[in-house]
Amino acid sequence: MKTDHELIKEFQEGRETAFNELVKRHLPNTYGFFIKFTADEVEAEDLAQDVFIKMYKALKKFRFESEFKTYLFRANVNMSNTYLRRTKWRNLLHLDQAPEPGYVDTNLEDEWRRKELWDAVSKLPSRQRMVVTMRIAQEMPYKEISKIMRISENSAKVNYHHAVKTLKDLFKN
Amino acid sequence: MKIEKQFQDISQSQFSAPDGDSFLEKLHNERQRRIGKKVSFLNGLSAGIIVAVFGLITTSQLTDDPTIFASNDLTPLEIMDNETEEFVYELAEYLVENSDDIWETLTFLDEIEFETVVTMNNGGLE
Numbered sequence: 001m002k003t004d005h006e007l008i009k010e011f012q013e014g015r016e017t018a019f020n021e022l023v024k025r026h027l028p029n030t031y032g033f034f035i036k037f038t039a040d041e042v043e044a045e046d047l048a049q050d051v052f053i054k055m056y057k058a059l060k061k062f063r064f065e066s067e068f069k070t071y072l073f074r075a076n077v078n079m080s081n082t083y084l085r086r087t088k089w090r091n092l093l094h095l096d097q098a099p100e101p102g103y104v105d106t107n108l109e110d111e112w113r114r115k116e117l118w119d120a121v122s123k124l125p126s127r128q129r130m131v132v133t134m135r136i137a138q139e140m141p142y143k144e145i146s147k148i149m150r151i152s153e154n155s156a157k158v159n160y161h162h163a164v165k166t167l168k169d170l171f172k173n
Numbered sequence: 001m002k003i004e005k006q007f008q009d010i011s012q013s014q015f016s017a018p019d020g021d022s023f024l025e026k027l028h029n030e031r032q033r034r035i036g037k038k039v040s041f042l043n044g045l046s047a048g049i050i051v052a053v054f055g056l057i058t059t060s061q062l063t064d065d066p067t068i069f070a071s072n073d074l075t076p077l078e079i080m081d082n083e084t085e086e087f088v089y090e091l092a093e094y095l096v097e098n099s100d101d102i103w104e105t106l107t108f109l110d111e112i113e114f115e116t117v118v119t120m121n122n123g124g125l126e
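One line per chain: the protein sequences are A and P, in this order.
Heads up: the first sequence begins at 1 in my numbering, then just goes up one per residue.
Heads up: the second sequence begins at 1 in my numbering, then just goes up one per residue.
Treat the hints with care, since some could be wrong.
The list that follows gives simulated cross-link-like pairs (lysine-lysine, BS3-like), each with its CA atoms no further than 25 Å apart [to be verified]:
#1 P:26 <-> A:60
#2 P:38 <-> A:143
#3 P:2 <-> A:165
#4 P:2 <-> A:157
#5 A:143 <-> A:157
#6 A:115 <-> A:165
#7 A:60 <-> P:2
#8 A:61 <-> P:38
#9 A:54 <-> A:147
#10 A:24 <-> A:61
#11 A:115 <-> P:5
#12 P:2 <-> A:57
#13 A:172 <-> P:37
#14 A:57 <-> A:69
#15 A:157 <-> A:69
#16 P:2 <-> A:115
#17 P:2 <-> A:123
#18 A:9 <-> A:54
#19 P:5 <-> A:165
#20 A:54 <-> P:5
#21 P:38 <-> A:54
#22 A:61 <-> A:2
#23 P:26 <-> A:61
#24 A:2 <-> A:57
#25 A:172 <-> P:38
#26 A:123 <-> P:37
#27 P:26 <-> A:54
#28 P:5 <-> A:24
#29 A:168 <-> P:2
#30 P:37 <-> A:60
#31 A:57 <-> P:38
#32 A:69 <-> P:26
#33 A:123 <-> A:165
#34 A:2 <-> A:54
#35 P:2 <-> A:9
#36 A:61 <-> P:37
#37 P:26 <-> A:168
#38 P:5 <-> A:157
#39 P:37 <-> A:57
No wet-lab data here; the hints were simulated from the structure.
Excised from the complex, chain A in its bound form (with noise of 0.2 Å):
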């Protein structure tokens, strides 16, 4: 099996499916990174799509200094930022879309729920708001996210204490 590296080595050259073969292994960790986002199948797809397109445009000036999988992570991150902010000022119009008390729809409760934790996250600052969104949507260890961010370990530990604390609060209130 080819590595990552060979691929967008051929791909530079000219071979477009070395790119569809790359896009089908990542996909599905792409995906998955951005249904736990959205809660939200199109959603996801359509933003899996959009780095994707991206990738297809940035991976011809690719220089392999980095891993493929630390590279397509930055940019699902990157990409989940831009959402936050764009649902940011959707949420802050529907207001009125919150269920009205008293009655429970589980699974629309849980989607609210889950919508309201990402809009609480998307206030955190942004170095915090990266590593919960990595801790929760990935699964990810401190020393995967210390390398995708390029700090410490322990920075990265003491971001997701503090942002997991700014949460708490946010709830309370």
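With chain A's structure known, arrange chain P on it following the hints.
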């Protein structure tokens, strides 16, 4: 809401990824659509710029000042070529010799500053 429980629920939620081939087909179609949209936008922008520049050049030629039109039609005597100069002199001479009222003709020539002819013909008295 227990944050950690929420995190756990999200992390452990099950999903099934879309089919690779159909995802790729949609991806490449969307990619082509975006390229087409970008090309159309750039073409529209270029056309708009050309029309704007052309429009500006054209409107800058327009003027309400009649002296500009008049001055374009009348070449000063000093820069006429020999042939044209000769023709103008012949024309002025014809006007002087064939006019019903010589004084009116001379006034006209005076107005258009045709001094040479006036001097040459001595006011039509010769």
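Hints versus structure:
1. Our distance criterion of 25 Å between C-alpha atoms is met by residue 26 of chain P and residue 60 of chain A, whose separation comes to about 21 Å.
2. With a C-alpha separation of about 41 Å, the suggested pairing of residue 38 of chain P with residue 143 of chain A is violated against the 25 Å cut-off.
3. In summary, the hint linking residue 2 of chain P to residue 165 of chain A is supported, as the alpha carbons are separated by about 12 Å, within the 25 Å threshold.
4. Proximity of residue 2 of chain P to residue 157 of chain A is assessed by CA-CA distance (about 19 Å); at most 25 Å being required, the pair is judged to hold.
5. Annotation: proposed proximity of residue 143 of chain A to residue 157 of chain A holds, straight-line Cα distance about 9 Å (limit 25 Å).
6. Between the alpha carbons of residue 115 of chain A and residue 165 of chain A the distance comes to roughly 19 Å, so the proposed pair stays at or under 25 Å and holds.
7. About 44 Å separates the Cα atoms of residue 60 of chain A and residue 2 of chain P, which puts this hinted pair outside 25 Å; it is violated.
8. At most 25 Å may separate the alpha-carbon atoms for a hinted pair to count; residue 61 of chain A and residue 38 of chain P meet this at roughly 21 Å.
9. Under the criterion of a C-alpha separation no larger than 25 Å, the hint pairing residue 54 of chain A with residue 147 of chain A is consistent with the structure, at around 22 Å.
10. At most 25 Å may separate the alpha-carbon atoms for a hinted pair to count; residue 24 of chain A and residue 61 of chain A meet this at roughly 21 Å.
11. Between residue 115 of chain A and residue 5 of chain P, the direct Cα distance comes to roughly 15 Å. Compliance with the 25 Å bound is thereby established for this hinted pair.
12. Among the hinted pairs, residue 2 of chain P with residue 57 of chain A is inconsistent with the structure: their alpha-carbon atoms are about 41 Å apart, more than 25 Å.
13. Our distance criterion of 25 Å between C-alpha atoms is broken by residue 172 of chain A and residue 37 of chain P, whose separation comes to about 47 Å.
14. Restraint check: the Cα-Cα separation between residue 57 of chain A and residue 69 of chain A comes to about 16 Å, which is no more than 25 Å; the hinted pair holds.
15. For the given pair, residue 157 of chain A sits about 21 Å from residue 69 of chain A by alpha-carbon distance, which is consistent with the 25 Å threshold.
16. In summary, the hint linking residue 2 of chain P to residue 115 of chain A is supported, as the alpha carbons are separated by about 14 Å, within the 25 Å threshold.
17. Proposed proximity of residue 2 of chain P and residue 123 of chain A is supported: the alpha carbons are some 18 Å apart, at most 25 Å.
18. The suggested pairing of residue 9 of chain A with residue 54 of chain A holds, with an alpha-carbon distance near 17 Å, which does not exceed 25 Å.
19. As the CA atoms of residue 5 of chain P and residue 165 of chain A are separated by approximately 14 Å, the hinted pair is consistent with the 25 Å bound.
20. With a C-alpha separation of about 34 Å, the suggested pair residue 54 of chain A and residue 5 of chain P falls outside the 25 Å cut-off, and the hint is violated.
21. Between the alpha carbons of residue 38 of chain P and residue 54 of chain A the distance comes to roughly 15 Å, so the proposed pair stays at or under 25 Å and holds.
22. Straight-line distance between C-alpha atoms of residue 61 of chain A and residue 2 of chain A comes to about 20 Å, which keeps the hinted pair within the 25 Å bound.
23. Straight-line distance between C-alpha atoms of residue 26 of chain P and residue 61 of chain A comes to about 24 Å, which keeps the hinted pair within the 25 Å bound.
24. With a C-alpha separation of about 21 Å, the suggested pair residue 2 of chain A and residue 57 of chain A falls inside the 25 Å cut-off, and the hint holds.
25. Between residue 172 of chain A and residue 38 of chain P the CA atoms are separated by roughly 47 Å; this puts the pair beyond 25 Å, and the hint is violated.
26. Restraint check: the Cα-Cα separation between residue 123 of chain A and residue 37 of chain P comes to about 34 Å, which exceeds 25 Å; the hinted pair is violated.
27. A threshold of 25 Å between alpha carbons decides the hint, and for residue 26 of chain P with residue 54 of chain A the separation of about 14 Å falls inside it, so the pair holds.
28. Restraint check for residue 5 of chain P and residue 24 of chain A: not satisfied, since their Cα atoms lie roughly 32 Å apart, outside the 25 Å limit.
29. Restraint check for residue 168 of chain A and residue 2 of chain P: the C-alpha separation of about 8 Å stays at or below 25 Å, so the hint holds.
30. For the suggested pair residue 37 of chain P and residue 60 of chain A, the alpha carbons sit about 21 Å apart, so the restraint of at most 25 Å is met.
31. The suggested pairing of residue 57 of chain A with residue 38 of chain P holds, with an alpha-carbon distance near 14 Å, which does not exceed 25 Å.
32. Note on residue 69 of chain A and residue 26 of chain P: the hinted pairing holds, with a Cα-Cα distance of about 23 Å set against a maximum of 25 Å.
33. The hinted pair formed by residue 123 of chain A and residue 165 of chain A meets the criterion: a straight-line CA distance of about 13 Å does not exceed 25 Å.
34. Straight-line distance between C-alpha atoms of residue 2 of chain A and residue 54 of chain A comes to about 22 Å, which keeps the hinted pair within the 25 Å bound.
35. As the CA atoms of residue 2 of chain P and residue 9 of chain A are separated by approximately 46 Å, the hinted pair breaks the 25 Å bound.
36. Proximity of residue 61 of chain A to residue 37 of chain P is assessed by CA-CA distance (about 23 Å); at most 25 Å being required, the pair is judged to hold.
37. Of the pairs offered as hints, the one joining residue 26 of chain P and residue 168 of chain A is violated, with about 40 Å between alpha carbons and a cut-off of 25 Å exceeded.
38. For the hint pairing residue 5 of chain P with residue 157 of chain A, the CA-to-CA distance comes to about 18 Å; that is within 25 Å, so the pair holds.
39. The hinted pair formed by residue 37 of chain P and residue 57 of chain A meets the criterion: a straight-line CA distance of about 16 Å does not exceed 25 Å.
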